[in-house]
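J.: First to last, the protein sequences are chains A and B.
The opening position of the first sequence corresponds to residue 205 in my numbering, with each subsequent residue numbered one higher.
The opening position of the second sequence corresponds to residue 2 in my numbering, with each subsequent residue numbered one higher.
For the record, the hints were derived by calculation from the structure and aren't laboratory data.
Quantities reported herein were computed from a predicted structural model and do not represent experimental measurements.
One should not assume that every hint holds.
Calculated pairs, DSS-like style, for lysine-lysine (alpha carbon to alpha carbon, straight line, at most 30 Å) [said to hold, decoys possible]:
(1) B/Lys238 to B/Lys265
(2) A/Lys208 to B/Lys5
(3) A/Lys224 to B/Lys278
(4) B/Lys278 to B/Lys265
(5) B/Lys278 to A/Lys208
(6) A/Lys224 to B/Lys5
(7) B/Lys181 to A/Lys350
Computed, partial: chain B to chain A, Cβ under 7 Å [unchecked claim]:
(8) Tyr7
(9) Asn41
(10) Ile44
(11) Ser45
(12) Arg54
(13) Asn102
(14) Asn184
Counterexamples of contact, computed for chain B against chain A with all Cβ distances above 10 Å [said to hold, decoys possible]:
(15) Ser12
(16) Thr34
(17) Gln55
(18) Gly66
Where is the CB? At the ideal position from N, CA and C, for every residue including glycine.
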Amino acid sequence: MASKIITFNLNGRETEVLAKPLTTLQSLLREQLGYMATKTGCRQGGCGSCTVLVNGEPMAACLLPVEDIAGSDVLTLEGLTPDIGLHPLQEAVFDNFATQCGYCTPGMLMVSKALLDQNPQPSRQEIVEALSGNVCRCTGYEPIIKAVQDAATRMNGHSGGES
Amino acid sequence: MSVKNYYLPQSLPDALELLQQKQEDLLVMGGGTVAMPLINEGISSPEEVMGLRQVGLHYLRQSNGSLTIGATTTLTTLLRQSPIEILAEAASQTGAWSVRNMATVGGNFFVPPPAGDLATALLALDAQLTLAGPSGERVLPASEFYTGFLNTKLEPGELLKEITVAIPDGHTAFLKHGRKQANTPSIVTVAAYVKLEGQTVTTARIALNAVGPHPIRARRAESKLEGTQLEEVAIEKAGEEAAAECAPATDAIASEWYRRKMTKVFVRRALQQIAGKESA
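Looking at chain A on its own, in the form it has when it is part of the complex (with noise of 0.2 Å):
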C-alpha cells in the first residue's frame, strides 16, 4: 500500500498531507510541515518533549501514526501563540525564568495547556503530576511549577494553589 492522503484539523486549518505507512505525527510535523516546535527527544513516549494536544488532550507525537489523527484536532506551541504576543502561559515561562535552554519548554507548554482548559485552578499537586511525564534538565521543576500557577492566576485570576 502507498502513502495516504489524511486530512486533519492542525492549529485551526484543515490540513491535507501525503503520509507513509506509520509516519508519526511528529515526524510529519517537523520533516514534511516544517513545525518545528514539537522536538524530537527520546522518540519513547518517555520524556514528553513532542507533546501536542489531539481533541485537547496531550499525546505522545512520537508514538502516533498520522494515519490515527485523520479527522482530529491538533494543537502545536504554533497555534499557542498568538499572531502578536505572547500566550499568557508562554509570559509566565518567561517571566518566571522557567525556560533555558528550551527543549523542554514546548511540551511543558501544552500539557500545562490541557490542564488549565480542563482544570483552570490546578492545585500544585495536580500540576506536579500533569507535567510528570516532562523530563527537564536544565531548570529544574521548580520555575516551571512557578510558571504555570502563575499562569493559572493570569488566565483566571486564581492562585494556582499554594507554593
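Using the hints, position chain B against chain A.
T.: Same frame as chain A, now just chain B:
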C-alpha cells in the same frame, strides 16, 4: 521506515479477518505506547502493522454488579469513568498523562514488567478476559492468561476483546513502589482484594508486578491469609510468604534482593490499609 502497510480496521470482525489473512506477519498494536518505541528504535521492523485504536472497543459497561471494559479503552477513560476505585488508582499510577491518553487497558496484558501495573489490579479483581477469534469467543480468567515472559494463552488469530470484573464486594488496596512518586517504573506493585466475614478472611487475592516474568498471583500468601483474622501476625506472615514465592529480577531500577524486601513491606502495607479500612 520499512512498514509497507498500516491498517486501521473500523470493527472487530474486520480486525479478526485481517489477522486471519496475515497471521504472524501482522504486528497488532493497541495504543502504540510499547510497539512504537521499538519501531522508532529499529528494534522491531514489521512490514505489516494493525492499529486497534478505531476498532470500536473503547467502552465501559456496567451490568448486574459487573464492569466490562473494552480492550482498547484508554487508561485516561478508565481513570475518569471507572466505578471501581482500585482500577482508577492503578490507571492513575500507570505512565504519564500523554501516555495514559494513548495506552489501552487491553494492551496492558501484553507488556513486559515492570510495565503491567493496571493488569495487576485487574488480576487482583479476578478479571475474566474475553478473547475473540475466527471461531467465536472464549472467556479465560486473567490468572490463567500468562504463560511466561511476553507469552500468553492468546492463540494465533485471536484478539483480546474485553475484560470483565465483578464490582468488588470486599476491600481493595493498590500500592506501587517506585523511585519517583509519579510516572515511575515499578520496583514492586501490589494489588490486593480481601473479603471478610466478621474478622475472618474468606477470600484473599494478592497480585504482584515487577517481581516475576509477568503480573503474578501470590497464591501461597493468599492461602496463608484465608481462614485467619486480618491482624498483625497474619499480615506479617502473608508478606513474608509473598516475598518468598515471587521471582524478581535485577535490572536498572532495583536489585532482586531489594525487590524481594519491598514485596514483603508493600504486601504488608496493602493488607494493613485494608485492615484499617475495615476497622474504620
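J.: Could you tell me which of the numbered hints above are not met by this structure, giving the numbers in increasing order?
T.: 3, 5, 10, 11, 16, 17
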